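Undergrad: Please model the entire structure based on the sequences and the hints provided.
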Amino acid sequence: MFLSMNWISDYVDLSGLDKRELISRFSLSTAEVENEIFYKGSDLRGVVVAEIKSVEEHPESKKLHLLKVDAGAGELTDVVCGAPNVRVGMKTAFAKVGAQIGDITIAPRKLAGFPSNGMCCSEKELGISDDHSGIMEITDDVSLGVDLKELYQIDDIVFEVDNKSLTNRPDLWGHYGIAREFAAISGRQLKHLEVIDLSQYDSLPGVDMKIENKLCQRYSCLKFENISRNVSPVNMRIRLYYCGMRAINLLADLTNYLMLEMGQPMHAFDSRKVEKIRVKCFDKPFVFRTLDGVDRNIDENTLMICNGDTPVAIAGIMGGLDSEIVGDTTTLTLESATFDAVSVRKSTVRLSHRTDASMRYEKCLDPEMTVKAIARFVKLLMDIDGGVRIVSSLTDEYAVKFGQVKLDFDKAYVNRYTGIEISNEHIINTLRSLGFGVEATGDEFHVEVPSWRATKDVTIKADIIEEITRIYGYDNFDVHTTKAPLYPVRAYEEKTVEDKIKDVLVKKYALHEVHSYIWAYYDEYKALGIEIEDNVKLVNSTNPNIETLRKSMIPTQLCQIKSNFQYASDFGIFEVGRVVEGLTEENLCNERKKLAITLFSKSKTTQELYFELRDMVAVMADDIKHTKIFLNKKEAVHSYQHLKNLNAVVAGDKEIGELGVVHPTVVKKIDKKAAIVYAELDVEELAGVANGGIHYEEPSRFPEMTIDLSFVCDTFAPVLSAIKQVNSELVKKVDVLDVYSDENGKSITVRMLFSHSERTLTREEVTQVTDKIISILAKDKIELKN
Amino acid sequence: MEEKILRLKAQLEEELAKVKDVAELENIRVAYLGKKGSVTELLKGLKELSGEGKKTLGQKVNILKGEVAGKIDDYKVKLAEAEILKEINAMPEFDMSIPAKLERGSYHPITLVQRECEKIFKSMGFTVEDYSEVVSEYECFESLNIPKHHPARDMQDTYYLENGQLLKTQTSAAQNAIYKKYKDALVNEGKPIKAIFPGRCFRNEATDACHENTFFQMEGVMVGKDISISNLIFFMKTMLSEVFRRDIKVRLRPGFFPFVEPGFELDINCLICGGKGCPSCKHSGWLELCPCGMIHPEVLKAGGIDPEEYTGFAFGLGLTRLAMMKYGIKDIRDLNSGNLKSMEQFTDGE
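Protein chains in written order, with the working numbering: chain W, 22 to 807; chain U, 927 to 1276.
In short, the hints are calculated from the structure, not lab data.
All figures in this text were calculated on a predicted structure; none of them were measured in a lab.
The beta-carbon is built from N, C-alpha and C at its ideal position, and this holds for glycine as well.
Among the clues, some could well be false.
Claimed, not checked - Here are the simulated DSBU-like pairs of lysine-lysine, each with C-alpha atoms no more than 30 angstroms apart in a straight line:
hint: 1; chain 1: W; residue 1: 482; chain 2: U; residue 2: 1107
hint: 2; chain 1: U; residue 1: 1027; chain 2: W; residue 2: 625
hint: 3; chain 1: W; residue 1: 185; chain 2: U; residue 2: 1048
hint: 4; chain 1: U; residue 1: 1163; chain 2: U; residue 2: 1208
hint: 5; chain 1: W; residue 1: 623; chain 2: W; residue 2: 800
hint: 6; chain 1: W; residue 1: 528; chain 2: U; residue 2: 1256
hint: 7; chain 1: U; residue 1: 1267; chain 2: W; residue 2: 583
hint: 8; chain 1: W; residue 1: 521; chain 2: U; residue 2: 1107
hint: 9; chain 1: U; residue 1: 1048; chain 2: U; residue 2: 1107
hint: 10; chain 1: W; residue 1: 558; chain 2: U; residue 2: 1048
hint: 11; chain 1: W; residue 1: 547; chain 2: W; residue 2: 583
hint: 12; chain 1: U; residue 1: 1048; chain 2: W; residue 2: 504
hint: 13; chain 1: U; residue 1: 1048; chain 2: W; residue 2: 572
Said to hold, decoys possible - Taking beta-carbon pairs under 10 angstroms as the criterion, some of the chain U residues facing chain W (in silico):
hint: 14; residue: 1031
hint: 15; residue: 1109
hint: 16; residue: 1110
hint: 17; residue: 1142
hint: 18; residue: 1150
TA: And the structure:
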């Protein structure tokens, strides 16, 4: 919303104050002002009123005219002018030689062969409207030679307030409310709005009007006729233009002017079309043509203004085309009303049509304003057009009243909330300057909230704190730290685990952490041949590609692997993120925090890569929880899982996730030659695994002995089980040294470390142990390799 | 005999001068001092002598033996040094102009920024909380004093789910649960509630370089006795100076958010120009950074805390925005792209 400093100054005398400084204080105390401030008229100089004394056609040009103008000095000046509306006796804006218009300085020159000593200006050239159809016509009774800036309020400071910062302030949607803020900030007095006493028309007949639906809080109207002027005064048009509105005609301009002044939207109907005003909703939807010529679908929840049963306007949004004021309109009915804010907002959304009026109604306007706005309208209209006649009494129905808001608080509350000392005097003065009624007894305050702040904005004591502190100025606050007691802060396990996971994977395994989305991407899944499994869905996604929440992060990661397949021949990614595993019995989403890892390699075999990933997970479990993991075979159920190599990861007594080779169909769609494996662990489950802790064992001071044995066997499991069966205290460590396959079959070399804490081992006792292991395995037909 | 000694000495000098390696030196040692070595032979020859002559000669031969052994040891050290020198000379000087191989992993930029913030808050006694991404309307709106008809609850901004739950639109959705979690310690033990809760948020909107439907925020609250606006300003200034590692100027403007009263928009002096005005701050010298305010009494009440007894402040930091500011990321979509050419650059710098 654009605001004019001239307009504000109508209601509060700001003379002698730095306007720029005031605007920046307004930004800090009230609402955000956009950075650019416009100094209107600053680039205009030397333009005066002149009269065209003669007009001759240019001998060679159809467009150009040769004028002689009188700019007040009595002598005639030659001007060549291209405007179509020139005529003898017309008064216009004339830029004399030496005048400045924007970047141009007017100099005498020859134009199409004739001397031209100045320029007649259009309103657009002067920067006071967008009218460039001809030169400005000055109809006011003014003397020639008077500087235009003395005549009209061309010089102005205009600033823009961010509408979003006014959402909770219905009182700030007009200049008068803004002026109240400037008065409070500057400590100056706010003037009263001049109005007409409408009670003088009480004896006239009322308008036939009725609120049939209480979504209309108040409806006030007045009928008048005999308007003789059509064009608004120049100053009014300039203000409208500076504030971003186009001048149309006197009546339309006046309703707009009132809206920009008081924040009260108004509407004028042709009284012939609107004789019996009814405010109501309809039972059935229908199509309604608004004054912009657009057909709009109206449903049963949209409040309408009607003439009897014929809709004539969408309440609070826009009038209808049929009831608009036309050329032969003589009698008008002026509406000034308030409607339920939520209803207007919803209708606006339904119609996807936001107007200056609806924007204000959405903020919950003060119904006390309707009658005053009419009184102000009549005052302004009569000042402009003395012939206007009021032909009805003020007709006013007040269906829904907001209650009076009264708040009590004391000084201690203010001190506690602000943390600083603000004087009683400051509290009282601030609140009064903002229109609050204040009674103070000692340190006790009783406050009456003014109607324009009481519709939703100020309802509790804390709101009063804001009023006091924002005018006090947050920059003026003495700031200090809290007096809070000291106590230890404990990190919770899941968060610690998450941090450690990331550290191990990044620091030890050089994986890359990525982020992805919580939903499945249909197109990308399909491209990889991954089935989109049924799961909880978004009900209002605007993108049909993202409708279903993901159950697992693996498909997402495979998509990311696909988009990175040329990144390197070997790489791995991981993410700690969320999935939703369907609904719980309580119909709530079963949200889980997961760790997903995917490894991609073109240099390793799938088996090598799978073992690498298994080791990674084992190291992680050991590093974070001092615990071992066990891998159990698992059945594939998802389209991306390999049918054979899929394992459940068990830690403690719980399954905490899975480890798997990616299904070859999917792998081939990513890269024909690559190996791809994945792991997905439940972070909450991992965090819940008991920490094995560190159990220190003093290393033996006596020599250790290493024995390597090679067995011909397919898996390591029986060897390990034989070692466990022997259960010798001397065996300190068991490792698989090598796995070898040739035409004779597969062999596994196991390395065992023997030691005793109190003495040197003898060869015999070690051989006893290995012999036992060999003989157990021999029973299972597992022989030592030659 | 004495002559023999002198000859041996001269001969040794001659032979040692020709020695090239440890093996040759060892041969010499054996030739002189070994069981059948020439010095040993001399010693053996002494047995045949007697009287005074035997004594003096014996002394001389023993001296000779010591001298020979000493000379050989000296040569051993010299040879070892020469060997090492040879090894050193044999090694080429490495070409250090070959670039280093930086094979290391990377953290997501959000992780880096989040960790940095967490560290600061932990140092100030805040707990770090985690919260789900799917929440109820109550958590996201009602408990935060956002009534049914508020524009923030419009369908177009929020991703609603089939079961009536929704994807949280703001980290504030965790406030209620956090108040409930800590209110007993607040009331019974006088422990103020100091918590931050980073998290992922969702808005149903079209994405472009500046807009994402999935982004990170970090909310913080402090509730206790006599927590004031003055404390809030002090805290925000201190905290932000830590985050940006320089002295930050803050400025508060009124801002409207249903869950705070009064609510503020907090600006900091522009990090690029320091407040003089530049294109980054649209020549205002200030950057709008984060909303904050005194927690609305209704919000405290919903969390089971008596607003007449306790007050508090809350603030919301845009982690995604912070990361973009810190690393100069221009397109917000890079963050969720999974593009490793982007992601690999964010290595741990702590």
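Undergrad: Each hint needs a verdict: does it hold in this structure or not?
TA: Against the structure, the hints:
Restraint check for residue 482(W) and residue 1107(U): the C-alpha separation of about 27 angstroms stays at or below 30 angstroms, so the hint holds. Our distance criterion of 30 angstroms between C-alpha atoms is met by residue 1027(U) and residue 625(W), whose separation comes to about 20 angstroms. The hinted pair formed by residue 185(W) and residue 1048(U) fails the criterion: a straight-line CA distance of about 35 angstroms is larger than 30 angstroms. For the hint pairing residue 1163(U) with residue 1208(U), the CA-to-CA distance comes to about 22 angstroms; that is within 30 angstroms, so the pair holds.
The hinted pair formed by residue 623(W) and residue 800(W) fails the criterion: a straight-line CA distance of about 42 angstroms is larger than 30 angstroms. Annotation: proposed proximity of residue 528(W) to residue 1256(U) holds, straight-line Cα distance about 27 angstroms (limit 30 angstroms). For the given pair, residue 1267(U) sits about 14 angstroms from residue 583(W) by alpha-carbon distance, which is consistent with the 30 angstroms threshold. With a C-alpha separation of about 25 angstroms, the suggested pairing of residue 521(W) with residue 1107(U) holds against the 30 angstroms cut-off.
Under the criterion of a C-alpha separation no larger than 30 angstroms, the hint pairing residue 1048(U) with residue 1107(U) is consistent with the structure, at around 18 angstroms. Taking the CA atoms of residue 558(W) and residue 1048(U), the gap is near 37 angstroms; set against the 30 angstroms cutoff, the hint is violated. This hinted pair checks out: residue 547(W) and residue 583(W) have alpha carbons roughly 13 angstroms apart, not beyond 30 angstroms. Restraint check: the Cα-Cα separation between residue 1048(U) and residue 504(W) comes to about 17 angstroms, which is no more than 30 angstroms; the hinted pair holds.
Taken as a hint, the residue 1048(U) and residue 572(W) pair is broken in the structure, with Cα atoms around 33 angstroms apart against an allowance of 30 angstroms. Restraint check, residue 1031(U) versus chain W: the minimum CB separation of about 4 angstroms is within 10 angstroms; hint holds. Interface hint status for residue 1109(U): violated, as the beta-carbon distance to the closest one in chain W is roughly 15 angstroms, over 10 angstroms. Hint status for residue 1110(U) relative to chain W: violated, with the closest Cβ pair at about 14 angstroms, above 10 angstroms.
Look at residue 1142(U): its Cβ gets to within about 9 angstroms of chain W, closer than 10 angstroms, so that hint holds up. A hinted interface residue such as residue 1150(U) counts as satisfied when its beta carbon comes closer than 10 angstroms to some beta carbon of chain W; here the least separation is about 6 angstroms, so the hint holds.
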